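Model the full assembly from the supplied sequences, consistent with the hints where possible.
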Amino acid sequence: MTTKITKNPIDPGRVLASVEDRSAGGSVIFVGTVRRRSEGKSVKGLTYEVYREMAEKRMKEIEAGVRKKWPVVKMAMVHRYGDLKVGEVSVAVAVSCEHRAEAFEACRFAIDTVKRTLPMWKKEKFGLGSEKWVKGTPLET
Amino acid sequence: MIIKVLYFAAAKDIARTKDESVSLRDGATLEDLASEVARLHPRLSSMKRSVRFTVNLEVASLGAKLTEGDEVGVLPPVAGG
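Taken in order, these protein sequences are the chains called A and B.
The first sequence begins at 1 in this note's numbering and counts up one residue at a time.
The second sequence begins at 1001 in this note's numbering and counts up one residue at a time.
Note that these hints are calculated values from the structure, not bench results.
These numbers come from a predicted model, not from an experiment.
Every residue gets a Cβ at the ideal spot worked out from N, C-alpha and C, and that includes glycine.
Be careful, since some hints might not be right.
[To be verified] Below, a list of computed lysine-lysine pairs in the DSS-like style, where the Cα atoms sit at most 27 Å apart:
#, chain 1, residue 1, chain 2, residue 2
1, A, Lys123, A, Lys68
2, B, Lys1048, A, Lys123
3, A, Lys115, B, Lys1012
4, A, Lys57, B, Lys1018
5, B, Lys1012, A, Lys41
6, A, Lys57, A, Lys68
7, A, Lys135, B, Lys1048
8, A, Lys135, A, Lys7
9, A, Lys115, B, Lys1048
10, B, Lys1048, A, Lys44
11, A, Lys44, A, Lys123
12, B, Lys1018, A, Lys4
13, A, Lys44, B, Lys1004
14, A, Lys44, B, Lys1018
15, B, Lys1018, A, Lys115
16, A, Lys125, B, Lys1004
17, B, Lys1018, B, Lys1048
18, A, Lys41, A, Lys57
19, A, Lys132, A, Lys41
20, B, Lys1048, A, Lys125
21, A, Lys4, A, Lys69
22, A, Lys123, B, Lys1004
23, A, Lys125, B, Lys1065
24, A, Lys115, A, Lys125
25, B, Lys1012, A, Lys57
26, A, Lys4, B, Lys1048
27, A, Lys125, A, Lys4
28, A, Lys7, B, Lys1004
29, A, Lys57, B, Lys1004
30, B, Lys1004, B, Lys1018
[Stated by the list, open to error] Which residues of chain B face chain A? A partial, calculated answer using Cβ under 8 Å:
#, residue
31, Phe1008
32, Ala1009
33, Ala1010
34, Ile1014
35, Ala1015
36, Leu1044
37, Ser1050
38, Arg1052
39, Leu1057
40, Gly1063
Right under this line is the structure:
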């Protein structure tokens, strides 16, 4: 597993299981899901677009960056693209470390970096054909 | 030389294509390409400040020199997660 961009549904249980290790004393997982409301409006679903080759490369770089800062035992990052319904998992980041403090920090850093640096975009669909690209932030390197 | 340009998200909607080949003089920079893209798709200039360009999967500055066959991405502000 490690890092992956996929069109298929994400199973957080499998992502978490993939970082299990006997030398790890704790695992932390962040699971991002599609919300039903955005800025007061009712959302029917999201469409994620990705610059796939670049995103795959970036995810590997993010993992390398996290491993430089924290003593990570195992790490997994999965991001979905395509059409997602409300409640579906869009992203999962799991980290196992010897101790919990560094697992929490590493996981937090990883998901924050995913948000700022992956070439991905999302379009909110409000029903009756109404849709809008989420404003986003200029890509950071 | 021919450069392959990829458009994403809102930039793709404005350009009405996900990719196209753009012809530039040899020795041209990313800035030359950006001007050509703005000429082809004037409405893209509304995104000028927030757009990032990539050359062969890496974010590049406008001074970067391009070579035949480079792949340039036109990336609006991102919203993953």
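- request: Could you work out which earlier hints the structure fails to respect and list their numbers in ascending sequence?
  value: 1, 10, 13, 16, 18, 23, 26, 34, 35, 36 and 40
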